[in-house]
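Just so you know, the sequences run in chain order R and D. The numbering of the first sequence is my numbering, which starts it at 249 and goes up by one. The numbering of the second sequence is my numbering, which starts it at 42 and goes up by one.
One thing to keep in mind: the hints can contain errors.
[As the list claims (entries may be wrong)] Pair by pair, the computed Cβ-Cβ distance ranges are:
1. Gly261(R) with Cys638(D): 56 to 62 Å
2. Leu637(D) with Ile328(R): 37 to 43 Å
3. Ile328(R) with Gly118(D): 53 to 59 Å
4. Ile328(R) with Phe669(D): 25 to 31 Å
Since the hints were derived computationally from the structure, they do not count as laboratory data. Think of the CB as a built atom: it goes at the ideal place given N, C-alpha and C, for glycine as much as any other residue.
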Amino acid sequence: MIVPFSHVLVLSGILFVLGVFCAVARRNLIMIILGIEIMLNAAAIAFIGASLRRQDLDGQTFVLFILAVAATEVSVGLAIIVYAFRRTGSFDPGNFNLMK
Amino acid sequence: MQMTGGHITVSIVTLATLAPFAAFLVILLFMRSRPRLSAGLSIGAVILSFACSVLLLILHRAGGEAVQYTSRWMVAGNIEVPFGYLIDPLSLLMLVIVATICLLVQVYSLGYMAGDPGFSRYYAFMSLFSWAMMSLTVSPTLFQLYIFWELVGLSSYLLIGFWYEKFSATQAGKKAFVMTRTGDTAFFIGLLLIFLHLGNIGILQLNGPEAKALSPNVITLAALLIFGGIVGKSAQFPLMTWLPDAMEGPTPVSALLHSATMVAAGVYLFARLFPFFSLSPTAMSIFLGIGTISMLLAATMAMVSRDIKKVWAYSTISQLGFMIMALGAGGYFAGVFHLTTHAGFKALLFLCSGVFIHHFHTNDIFELGGLGGRALKVPMICLAIAAAALSGIPPLSGYFSKEAIIGTLAALENPVWLAAGLAGIFLTAYYAFRVIFLLLLPKPGETAQAPPSPSPTHVSLDGGGNSEYRFMAWPLIVLAGVTVVLGLLENSLRDFLVGPHALGAVAGDEMHARAGYLALGLAASGVVLAWFEFGRHGSSRIGFVERIPVLARLFAERWYLDHFYRLLVGEVIDKGISYLCYKNDNKVIDGSIDALCAGTVEGGRITALLNSCMIQYRLLTIFAVLVFLALYFSF
């Protein structure tokens, strides 16, 4: 493994923080979902790095599962967003306050 | 599971003790509105118990080893609380006494309580009472005994306050409950003390060699604390004042309470733990003193009371004092034998008085005599027999048991106890026959002032036709028979209880014989004095005590014990402890809870801000929490 493990972890950490920032700070539902995707991928990178370091396929298997979950999540999430946009006419989560 | 005896014994005991409980549950759940059925069920259950206990007595008539059967009931750590039965001569004897008296009293109640709106409830409580007392007698551990001890207290509370519409009855029930609870608290502390030092509280272990390993101070302290429970339950000095008030309940209840169940439980516990108590001579001499004080105090109270039931109530305290004296003086058999005979004649006294009260609707001895109480032949004869037994007149059971007690007291070195016992015998004979003469030989003048309404003398009193009266008369006759016969069984009972080889207190020595004659003479002179003052033609019908106003007042006010308690409760408890508790409750407990509530409300308001329908705030919180958790776990 050419890249040291610590670099991989730093990369995934930076990606994760970016994802958190995106999910928390942006006032747009699509961007929130994107942020969550980025966090998932950051975790996946950490898994792959760990799997290479330990010479073990379990981590890569796990990443396959993460990809599947991410795909499902995006499709369901986008469907919800489309529905929410039809009802309120905006992507701002602050406007979804019918239950308040 | 440990067992040293036949399966058959165990199943019989189970049947005997559980039958009344089953009756209690069934009556309470299904038969509140069917008085006849519930009475039948309750009496059936008691008959079953009675048959079982007699069968057991026959099976184990040889005495011998105690049969103990226990199974594990509760385990916590290395503490194990067993539950089961202990069958030995003492518990068998007591079981038979309890079953007999319960049966007779329940049959009697058919007549006494007829037409009462709470008939079913009455029988339900009676069954509960029988169950609790029978289970108490066969308890193998002090813990189980304590459970049933409290159940006995509860059911007597329910029965004393049975006529709850009457304010004084509820008050009396409450008083009985609170005063006995005071003693029970001491009992419980003593029980825990033993448990702490010995690791178990089985009665056999306590009486066996294991307890001797304890230090004498612990034994004395534990014995005194347990005796506190006995003082409360058996109405000894200073917790004696609840018993006379307990007369507010129906008379059959008093009969049951005073002879075989409630108050007898205390003396039974003493006899049960007799070997353990004997390990501490200090405690035993204190018990002896307390028994003597209660015996003399109660006897003086009985001399001036006008209420027939109260006279017998005081005499119960006095006789229980006798039993405690006998046990405290080391006379195991004398105490238990007096408990047995007393159960018979005291139940008889109460049941007879109940017939008078039921018939004439008054408790006053003078009025009862004036109304023609002697016209009721069966109860009058039975009452006379019972009073003679109470005073210790020869062929009756009381004579034999009192002689045994006097023999025990005479064996003591200090003659004070013997003198006190003899004085007690004189007073007993005096107050018992005071009642008899007042009922039997009323003054003509008193008959005139009687209210003419009930016209009692013309009711058919021979038992024919009147079923209520018949129900009440038969138990009287049975009990009178028991009272006459029981004394003759002294030697076989002694063999059964303490074994044929044991050396009894009655070893025909000179001292004992003289004490016996002296006791007999004093009893006779008590009767003569009573006749001279109350029975003789043209007698003044004023007792010698009543000629001394100070004493009469002191006795009638029960030595001002109640006043003392009222003062204690009013000044110390109400104004001192209760006031502090009240303040504590208001300021500390309520205050802190209020502050807590206000804090919670405020906190809720702050956290509610998070939930203002904005997912991102929640997300932010989740991440913040996760980050802090990660930091917490990694450092």
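Okay, the hints, checked on the actual structure:
1. Taking the beta carbon of each, Gly261(R) and Cys638(D) are about 44 Å apart, not inside 56 to 62 Å as hinted.
2. For Leu637(D) and Ile328(R), the hinted distance range of 37 to 43 Å is satisfied, since their beta carbons lie about 41 Å from each other.
3. A beta carbon spacing of about 55 Å between Ile328(R) and Gly118(D) agrees with the range 53 to 59 Å that was offered as a hint.
4. The given range of 25 to 31 Å is respected by Ile328(R) and Phe669(D), whose C-beta atoms sit roughly 30 Å from each other.
Of the numbered hints stated above, the single one contradicted by the structure is hint 1.
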